[in-house]
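A.B. asks: Those protein sequence lines, which keep their order, are chains H and E. Position 183 of the first sequence, counted from 1, bears residue number 667 in our numbering, the numbering being contiguous throughout. Position 151 of the second sequence, counted from 1, bears residue number 153 in our numbering, the numbering being contiguous throughout.
Note that these hints are calculated values from the structure, not bench results. Given the structure is predicted, the values throughout are model-derived calculations rather than measurements. Each hint should be verified, as a subset may be incorrect.
[As the list claims (entries may be wrong)] Here are some, though not all, of the chain H residues that point toward chain E, as calculated from beta-carbon distances under 8 Å:
1) Met-545
2) Thr-556
3) Pro-588
4) Lys-591
5) Trp-606
[To be verified] Lysine-lysine pairs mimicking DSS-like chemistry, simulated, CA-CA at most 25 Å apart:
6) Lys-561(H) <-> Lys-617(H)
7) Lys-16(E) <-> Lys-617(H)
8) Lys-718(H) <-> Lys-698(H)
9) Lys-16(E) <-> Lys-561(H)
Yeah, the Cβ is synthetic: ideal placement off N, Cα and C, and Gly gets one too.
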Amino acid sequence: MVRLYTEDLNIGYGDRSIVKDLSVVIPDRQVTAIIGSNGCGKSTLLKAVTRIIPHQSGAIMLDGMSIAKENTKLLAKKMAILPQTPESASGLTVGELVSYGRYPYQKGMGRLTPKDIEVIDWALEATGTIAFKHRSVDALSGGQRQRVWIAMALAQETEIIFLDEPTTYLDMAHQLEVLELLKKLNTEQGRTIVMVLHDLNQAARFADYIIALKDGEIVKAGTNEEVIRRDVLKQVFNIDAEIGRDPRTDKPMCITYNLIKGESVEHEKGHSAADLGATRTERMQQQQQQSAG
Amino acid sequence: MNSDQRRSIPFGYKFIGGLVFFVAMFAVAMALGAANTSLKDVWQALATDAVGEKISLIREIRLPREIAAIFVGAALAVSGAIMQGMTRNPLADPGLLGLTAGANAALAVTMAFVPSAGYFGIMIACFIGAAVGTGLVFGIVAMKKGGFSPLRLVLAGAAVSAFLYAIAEGVGLAFKISKDVSMWTAGGIIGTSWGQLQVIVPFITVGLIVSVALSRQLTILSMSEEVAVGLGQNTARVKAVLFIVMILLAGASVALVGNMTFIGLMIPHIVRAIVGTDYRYVVPMSAVTGGSFMLLADTLGRTINSPYETPVAAIVALVGLPFFLFIVHKGGKAFT
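All chains should be modelled from the sequences, with the hints used to inform the complete structure.
C.D. replies: Next comes the structure, spelled out in structure tokens:
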């Protein structure tokens with residue numbers, strides 16, 4: 485059964501178009517990874533599907549309803565989102581933060597019902613964070629904090645969970661910890677997981693379905709066998725990759741890769757110049773913010 | 003861990019502690035002053051029908067004044083907390099982001115052009131002025147992309163405030179009402195009457211009640227826009243209501259006592275150090291602490307150089323400026 489899909493989706497800021505005529509079906513009860521190079525629109529796509537940013541045309545359909553028309557609180561009972569680096573929760577305790585996951589179910593002043601408390605404890609248990617319940621979120625390590633945010637998404641009791649680069653800023657062990665937790669949620673509880681991932685091999689190992697984007701368009705969407713292939717990666721990342729198999733998981737993996745020189749680089753020139761410009765302004769903004777701090 | 007210890011005391015006890023401090027401050031504020039009064043006089047004035055010179059002084063002059071201090075302190079502290087949560091900006095304060103200056107300019111303009119305007123009219127003008135002042139600051143910052151950094155907001159706030167104060171001064175000079183305007187804005191809570199309180203206290207009370215009711219929404223909003231939307235919050239509506247509440251609280255304060263910078267900045271920061279960053283705790287605690295602080299500042303103002311009065315605004319600024327520099331120095335770490 486198809487629950488979530490997009491149709492001719494266009495997203496952009498002002499007159500700059502970022503995602504173009506994108507139609508894709510998100511497989512139910514599977515782990516889907518969205519991959520692509522920087523600025524390809526993968527985070528933008530995730531934000532639009534979770535209604536954080538509006539889309540310009542086309543439709544995003546969940547259970548036969550356009551999410552643009554659906555009640556936002558009702559949607560929050562169907563899908564949870566873990567944004568990229570949601571940092572400023574800080575002063576709250578783990579228990580307090582996770583209890584806010586019950587927000588879509590609460591009315592009035594938001595007193596927690598026994599059912600709420602049960603779900604919160606379960607979410608803390610499932611993410612292995614119950615031991616920190618009374619500790620302040622900012623006293624935790626990056627990996628622990630990420631698990632707490634996942635616990636908050638779990639407390640929302642949604643069937644679909646979206647994550648924007650959940651492994652960024654984590655070391656290798658913590659990256660695995662988070663991805664294994666997500667995989668477990670998928671296999672044991674049948675939750676649909678959709679995440680933006682940077683690491684190709686993590687996508688190949690943990691996802692059932694991969695959507696590869698370039699310049700806001702789908703290059704290939706399919707199983708990891710179909711997407712982690714030399715020709716696809718060449719198109720998506722402009723790399724010449726050697727594909728092998730992970731000796732432990734038997735999943736396809738990218739063993740080594742080189743940048744492709746020549747015609748494609750020529751083709752990319754205008755693009756990369758624009759990118760450089762963008763990063764320079766970003767850097768300047770960062771500096772401004774630092775001097776502000 | 004320090005933060006663990008902080009958690010070991012339930013919020014209820016901390017709040018009761020805040021209330022006890024508040025009552026103590028109130029008793030001190032009522033008992034001390036230029037006239038020689040005792041706690042017994044205060045008790046007689048508040049709880050009995052007894053008459054007498056000291057008693058009527060307490061009832062008619064000191065009591066309305068201290069009630070004004072309580073409500074203004076609470077209103078400014080809570081509007082500061084709302085502003086900091088909404089903008090996720092540790093430097094947000096009604097006095098720094100154009101709210102107070104806007105209300106001030108509106109006050110001068112109203113006194114110049116509608117001299118017959120009553121207390122209610124002036125208060126409404128202050129609301130409008132506060133909204134315009136804040137609107138200008140946020141408008142300027144929003145004109146440039148990616149711009150809501152703490153520094154830029156404060157710079158825009160300073161520029162707009164300077165402009166609006168200049169308007170207030172100019173209008174004051176041109177219409178020869180500078181003295182009236184400055185009596186109002188620098189006078190603080192001196193000479194607050196029961197009549198003024200009757201007009202303004204209901205607005206502040208409503209503002210405070212709505213703030214407490216929306217404090218949970220404010221916590222969600224303060225995390226990030228994305229988290230708030232993801233949890234199903236109607237962020238546009240919540241922000242609009244919070245904005246109105248902020249204008250009500252800060253505008254009413256200016257109408258009552260004129261300019262009072264730094265309270266909105268300081269109190270929420272102090273409160274966060276005690277109760278954490280959940281606004282369900284920060285908002286009510288800020289109200290109580292803000293009230294206590296203003297009582298303390300006013301008592302100091304009346305007693306430091308007795309029988310002369312030291313303006314409360316000066317005392318608040320004296321404490322507030324070092325605190326502001328401290329926050330800037332810590333780069334908002336005190337915020338997170």
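A.B. asks: None of the hints should be skipped; say for each whether it holds.
C.D. replies: Results for each hint:
Look at Met-545(H): its Cβ only gets to about 18 Å from chain E, farther than 8 Å, so that hint breaks. Nearest Cβ of chain E to the Cβ of Thr-556(H): about 5 Å, under the 8 Å cut. The hint holds. For the restraint placing Pro-588(H) at the interface with chain E, the shortest Cβ-Cβ distance is roughly 4 Å, inside the 8 Å limit, so the hint holds. The criterion of a C-beta within 8 Å of any C-beta in chain E is not met by Lys-591(H), whose closest approach is roughly 11 Å, and the hint is violated.
Proximity of Trp-606(H) to chain E is violated relative to the hint, the smallest CB-CB distance being about 18 Å (cut-off 8 Å). For the hint linking Lys-561(H) to Lys-617(H), the alpha-carbon distance of about 23 Å falls within 25 Å, and the restraint holds. Between Lys-16(E) and Lys-617(H), the direct Cα distance comes to roughly 20 Å. Compliance with the 25 Å bound is thereby established for this hinted pair. Our distance criterion of 25 Å between C-alpha atoms is met by Lys-718(H) and Lys-698(H), whose separation comes to about 11 Å.
Among the hinted pairs, Lys-16(E) with Lys-561(H) is inconsistent with the structure: their alpha-carbon atoms are about 34 Å apart, more than 25 Å.
Hints 1, 4, 5 and 9 from the earlier list are contradicted by this structure; the remaining hints agree with it.
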